[in-house]
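**Q** The task is simple: from the sequences and hints, build the whole structure.
Take a look at the letters that make up each chain.
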Amino acid sequence: MAAYIVRRLLLAVMTVWAISVLSFLIIHLPPGDYVTSYIASMSASGSAVSADEAQALREQLGLDKPIHVQYAKWMGLILQGNFGMAMEWGRPVADVIGDRLTLTMVISVAAIVFTWGLALPIGIYSAVKPYSIADYAFTLIGFIGLAIPGFLLALVVMYIGFAYFGANVGGLFSPDFAEAPWSPAKIWDLTKHLPIPAIVLGVAGTAQLIRIMRSNLLDELRKPYVMTARARGLSEYRTIMRYPVRVALNPFISTIGYLLPYVVSGSIIVSLVLSLPTVGPLLLKALIAQDMFLAGTIILLLGVMTVIGTFLSDLLLMWVDPRIRLGRE
Amino acid sequence: MANDAAAAVAEGTLDLGVAAEDRIAVATQWQLIWWRFRKHKLAVGGTVVLIAFYVVALFADFFAYVDPTESEAQRSLMAPQGIHWFDDGAFRPYVHPLKGTRDPKTFKRVYVPDTNAKVPVTFFGHGEPYLFLGFIPADRHLIAVEGAKASESLFLLGTDTHGRDLWSRLMYATRTSMTIGLVSVALSLVLGVILGGVSGYFGGTVDTVIQRIIEILRSIPTIPLWMGLAAALPSDWSVVQMYFAITIIISLIGWTELARVVRGRFISLKQEDFVMAAELVGCSKARIIFRHMVPSFVSHIIAATTLAIPAIIISETSLSFLGLGLRPPAISWGVLLQDAQNIQALVISPWLLYPAVAVIIAVLAFNFMGDGIRDAADPYL
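From first to last, the protein sequence lines stand for chains A and L.
Position in the first sequence counted from 1, then plus 2, gives you the numbering used here.
Position in the second sequence counted from 1, then plus 1143, gives you the numbering used here.
Hints were generated in silico from the structure; no laboratory data involved.
Predicted model, so just to flag it, every value in this text is computed and none were measured.
Mixed in with the good hints there might be a few duds.
As the list claims (entries may be wrong) - Below, computed lysine to any residue pairings styled on SDA-like, alpha-carbon distance capped at 20 Å:
no.	chain 1	residue 1	chain 2	residue 2
1	L	LYS1184	A	ILE146
2	A	LYS287	L	SER1378
3	A	LYS287	L	PRO1377
4	L	LYS1182	A	LYS287
5	L	LYS1184	A	PHE145
6	L	LYS1292	L	LEU1274
7	A	LYS287	L	GLY1340
8	L	LYS1182	A	LEU142
9	L	LYS1182	A	PRO132
10	A	LYS287	L	ALA1375
11	L	LYS1184	A	PRO132
12	L	LYS1184	A	ALA136
13	L	LYS1184	A	ILE135
14	A	LYS287	L	GLN1481
15	L	LYS1184	A	LYS287
16	L	LYS1182	A	SER134
17	A	LYS287	L	GLN1484
18	L	LYS1184	A	SER134
19	L	LYS1182	A	TYR133
20	L	LYS1184	A	TYR138
21	L	LYS1428	L	GLY1340
22	L	LYS1184	A	TYR133
Stated by the list, open to error - Have a look at the derived ranges for each label pair, beta carbon to beta carbon:
no.	chain 1	residue 1	chain 2	residue 2	range
23	A	ALA50	L	GLN1384	27 to 37 Å
24	L	SER1427	A	PRO123	52 to 62 Å
25	A	MET107	L	ASP1518	35 to 45 Å
Glycine included, C-beta positions come from ideal geometry on N, C-alpha and C.
**A** So this is what it looks like as structure tokens:
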């Protein structure tokens, strides 16, 4: 068991390293660098940047070095806990993304809670009463939920809010609290604004999980041990919840790891529509400005969160499923 | 085969008559799949819808009635216009010509129908010339008007901010978005089958390396990855170059899922007796793979592929919506939806959201069809 954990841990570290290389390369793919896009944006606003100034800026940011040196420098800084400067903002990256990263996590976790809270009971119900009217209704709703991309749902929600209630349903805070320091009142305000983004983000995942849960549980319920349990007079509730549901839960747990990147990645585009203060809009701007420290850090952190999520789900799976714990799959 | 027949009978697909049983016994695998698929009403419905979408994609210039890029500030943001189907009790469709004026108070453009004049609408009538299938000169359109220019009098779905006709743009967008799904999925399929097959068949180190690559690719949130790659595309590329670049970017992620399916199939089939028998008889590796193993999971690959297309369509739409995918003058569903980004504009002119309906219907239809194929392809379900 310890060997299993160590192997998983080593893999996780390797994956993080690979992600760091990949995110660094992605940022360096566009032709030119931050200075070229800086010059372009300066000349667009009417002021010119001389060649000397550009050169000085490059040297200052270390952009004149070969790419592997830049990567080594970047990695070195990150290992010291320094994510570099967000070039466009002139502030340390950690300052710029700190709050936003927290909010991204808050929204993602809220979406996952929503997804699970809805998908589990509905999935179980649909499997226990298959081909009932409610089962068909859930299947249909699930299919539609799967077919609507998050940003479209966000647009529709915004439209309905605006057109019929005359209210802006976007954002995570009321105007009074947007710039205020953290306080219980602000957290309460956040809680009130959380459901809409959480639902918009969670709908597609919910639809998918309902389908997985339903088909898994249906398979389990057909097995002889369930019949044995019934024959021995176990209550229906115990018969279903004690073993079949536990077995059917496996894919749920093994997908936590992938649910996280899925939700985070969805949150980027949904955040743009709902104007949520998450890392999404920041990443889009950083990518367009070729601000490599900021964009690279965001992609890296999102990747790391995913790896941690996958690792946690592996551990959880081991805890729930004795077959994995004992080393036979 | 006996199993398939038994399953079909058990499902009540076929009558239990002797003739029917004989029919099942001699039916090929594909016939059995087709019979099961036919039973799945939603899947058949989805297939019909998809055929309609691809007909539109193929003949977009016939279904459109004006040039989708022709802009005219005098006709910006017109509301969808209804066709009057009956004139004096007879079926003679017509529309009223619209006159644009400015509201003296709000300075908003308003359009008033001129109820005295009628412009007859015809089907398969003459309109703007175009090249049918790209090389046959033609001027027939599905919908046309008589005695006037279609660009000045017909606005079935309204116009966008630049006064371009939304119906015609939607037809061309269908062509782009529906084919991007196909091209990307073809690319993912090639990558997925080769890498997944190698991974599953040979196992060992190769398998470990490929599995790690897949794991890494999947643990990077897709949208940031796409955004990063798409931001790297030079902005001066032509529409065609962008189109192929975007398909490649999207399939870079798409192949992982297909590779997983193929690998799983290879691993489970490797243990089957018929594969060992083929090995013992001395078949070459290529023959074992392509003659003995591949046919038994082709249907699964088809199902997985069909289910991958809607995800790709959503990806393209999302990327273009963000302004990182296809860019104007290219026309795709995502590009059309860019106009709907501004909520205030959307509240005033909600028809800008119509392309979303096309996206949702197409994705739903693909999901239904893919589900049907998957159920039909698996005799043990």
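**Q** It remains to establish, for every hint, whether it holds in the given structure.
**A** Each hint tested on the structure:
1. L:LYS1184 <-> A:ILE146: 17 Å, holds
2. A:LYS287 <-> L:SER1378: Holds, because 16 Å separates the two Cα atoms, which is no more than 20 Å.
3. A:LYS287 <-> L:PRO1377: Distance of about 17 Å is within 20 Å: holds.
4. L:LYS1182 <-> A:LYS287: Answer violated: L:LYS1182 to A:LYS287 is near 50 Å, above 20 Å.
5. L:LYS1184 <-> A:PHE145: Roughly 15 Å separates the two Cα atoms, so the pair holds.
6. L:LYS1292 <-> L:LEU1274: 19 Å, holds
7. A:LYS287 <-> L:GLY1340: 40 Å, violated
8. L:LYS1182 <-> A:LEU142: 18 Å, holds
9. L:LYS1182 <-> A:PRO132: 18 Å, holds
10. A:LYS287 <-> L:ALA1375: 13 Å, holds
11. L:LYS1184 <-> A:PRO132: 18 Å, holds
12. L:LYS1184 <-> A:ALA136: 19 Å, holds
13. L:LYS1184 <-> A:ILE135: 17 Å, holds
14. A:LYS287 <-> L:GLN1481: 17 Å, holds
15. L:LYS1184 <-> A:LYS287: 46 Å, violated
16. L:LYS1182 <-> A:SER134: Holds, at about 19 Å.
17. A:LYS287 <-> L:GLN1484: Roughly 16 Å separates the two Cα atoms, so the pair holds.
18. L:LYS1184 <-> A:SER134: Measuring from Cα to Cα gives roughly 17 Å; hence the hint holds.
19. L:LYS1182 <-> A:TYR133: 16 Å, holds
20. L:LYS1184 <-> A:TYR138: 14 Å, holds
21. L:LYS1428 <-> L:GLY1340: Distance ~12 Å between L:LYS1428 and L:GLY1340 Cα, so the pair holds.
22. L:LYS1184 <-> A:TYR133: Satisfied, since the Cα-Cα distance of roughly 15 Å is no more than 20 Å.
23. A:ALA50 <-> L:GLN1384: 27 to 37 Å: 31 Å, holds
24. L:SER1427 <-> A:PRO123: 52 to 62 Å: This hint holds: roughly 53 Å between Cβ atoms.
25. A:MET107 <-> L:ASP1518: 35 to 45 Å: For A:MET107 and L:ASP1518 the Cβ distance comes to about 38 Å; the hint holds.
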